[in-house]
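Going line by line, the protein sequences match chains V and Z. Mapping the first sequence onto the working numbering, position 13 (from 1) lands on 74, and the numbers just tick up by one. Mapping the second sequence onto the working numbering, position 236 (from 1) lands on 269, and the numbers just tick up by one.
Mixed in with the good hints, there may be bad ones.
Partner residues aside, some chain Z positions facing chain V, computed with beta carbon under 10 Å [claimed, not checked]:
| no. | residue |
| --- | --- |
| 1 | V58 |
| 2 | Q92 |
| 3 | S129 |
| 4 | E133 |
| 5 | R333 |
| 6 | K338 |
| 7 | F342 |
| 8 | V346 |
| 9 | V355 |
| 10 | L361 |
| 11 | E365 |
| 12 | F373 |
| 13 | L375 |
| 14 | R394 |
| 15 | D397 |
Derived contacts from chain V toward chain Z, CB cut-off under 8 Å, selection only [as the list claims (entries may be wrong)]:
| no. | residue |
| --- | --- |
| 16 | I66 |
| 17 | L70 |
| 18 | K73 |
| 19 | G74 |
| 20 | I75 |
| 21 | V77 |
| 22 | M84 |
| 23 | L85 |
| 24 | F92 |
| 25 | L95 |
| 26 | R96 |
| 27 | V99 |
| 28 | L104 |
| 29 | S107 |
| 30 | D108 |
| 31 | M109 |
In short, the hints are calculated from the structure, not lab data. Beta carbons: idealized from backbone N, C-alpha and C, even for Gly.
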Amino acid sequence: MAFDIHEILEKKGITVPEHHQDMLKAQMAGFEELRQTVDQDQLKDSDMALTHIPGGEQG
Amino acid sequence: MSQELAKKSIGELAPLIQSKQLSPVELTEQVLANVEQFDGEINAYIAVQKEQALEAAAQAEQEIQSGNYRGALHGIPMALKDILYFKDEKATMGSSIHSEFVADFDATVVSKLKMAGVTFTGKLNMHEYAWGATTTNPHFGPCKNPWDLTKIPGGSSGGSGAAVASHMAIASLGTDTGGSIRIPASSCGIIGLKPTHGRISKYGCFPLAWSLDHIGPMTKTVYDAALLLELLSGYDPKDPTSLDRPAKNFSGLLESEAKELVIGIEEQYFFNNVDSQVDEQVRYVLKQLEDTGAVIKPVRIPSLKQAEFAELVTITTEASAVHHANLLKSPEKFGEDVRFLLEVGELMSGVDYVQSQQIRRKLDVEFAATFESVDVLISPTLPFLVPPIGSQTVDINGQELSYLDEVIRFTGPGNLTGLPALSIPIGVKGGLPVGLQIMGPAFEEEKVLQAAALIESMELMKGHAPMLEK
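Produce the complete structure using the sequences and hints provided.
If you want it as structure tokens, here you go:
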């Protein structure tokens, strides 16, 4: 599904200056390229480095 | 007027203060004289606290004269990045939104420095909310690089880098979320140490991205960095990311021999697309270390290729969560670049974030396996020499590339993994310092410091000084 960056941000209540719109498109296009570096097959077997510690103690 | 005392390190000054040969007041006056002389141009300070500093120096002097010497930091003038809270004092975070914010408690690191008898000369400039790496601050003015006033000092702790390099502070603290201690340290020709995540409490430090943020020393020498690390280390129940590991006597663990050192080199990632002058200088140091007995070992860390994705997603998402309410309420109060990055963070998905944390886990495992066969990893800190103020791009061997994309390429993995990493100056190219990064195993900062001490002993910065010193 094609998405409109401006629309997504506006729906969140964020006012986006007009001159940011092309910059955001370019940034997210670059981000899509970075996403291609992610090895999805490898991640299927990976844990995540984020855990919730009951009680909040890590010490 | 030459302020010779202000050029010295903590390691040189402490014995003089302890033996009462040097007055903390005289030392503080020299540091403040440098601020007066240089800061109009450099703009490293957001606020200078002259009267307060002189009063604190007089008190330190009185205590020392009475036989109550507290230790190596007693009577040492420092200035900290304006993101660390001092009770009943303003902390602006380099922002307009928090320009009148007054903290009602001391950050844990501030409290420790106060207990050690440090004299604070003021609050240092930074990239707004630490969300960027140029220190071209729209609210307090751009901070300039003391080596070349047309260039950026790096960031986000650019004021700390510039102040220490121009002797407007004997030492400083910075914060580092993608490289914000090591980038300005490299750019300004000083030492910058990001310790292991959890080693130094972040209580009382305004967050940029909780899971990536670190506090660490920015100093003139490796010894000074070790001294500050041992003082500031320790478990703090007020910081949920603090870990209970015993502090070590880091300043007493600096001696080692090159022949005991095994250095890992990850060519594919950490030497990919590096400015030829930077690359040449780092390889020169590696050759020197090898010639004196160190073993250089090629290593592979395959998941590094995913590190830029994980860093970008994690930092933008967490930063946008921190600032979400203000982005909705008063977006015009953010600087243009920070507002843009906060918008980017709002576009990341939950899946992106979780996958980034999976990549971090892969990196943790691969780095840990690597450090079973090497003591440290060495790389350039930055793949380029710092660009002019206002430039959004950097030149790497004739290619014009995005500054923001390139600047955290080599430092970001240290934040993703939380591993200790230090930048040390190793020479000057094109009038600008070159930094070398040393990474080490978790909670073994002594290995990083030992390798740094060996490099420091090569005296590669001898005869080089920022232009203001000439």
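- Just pull the numbers of the violated hints for me, sorted ascending. Hints 1, 2, 3, 4, 5 and 9 not satisfied by this model.
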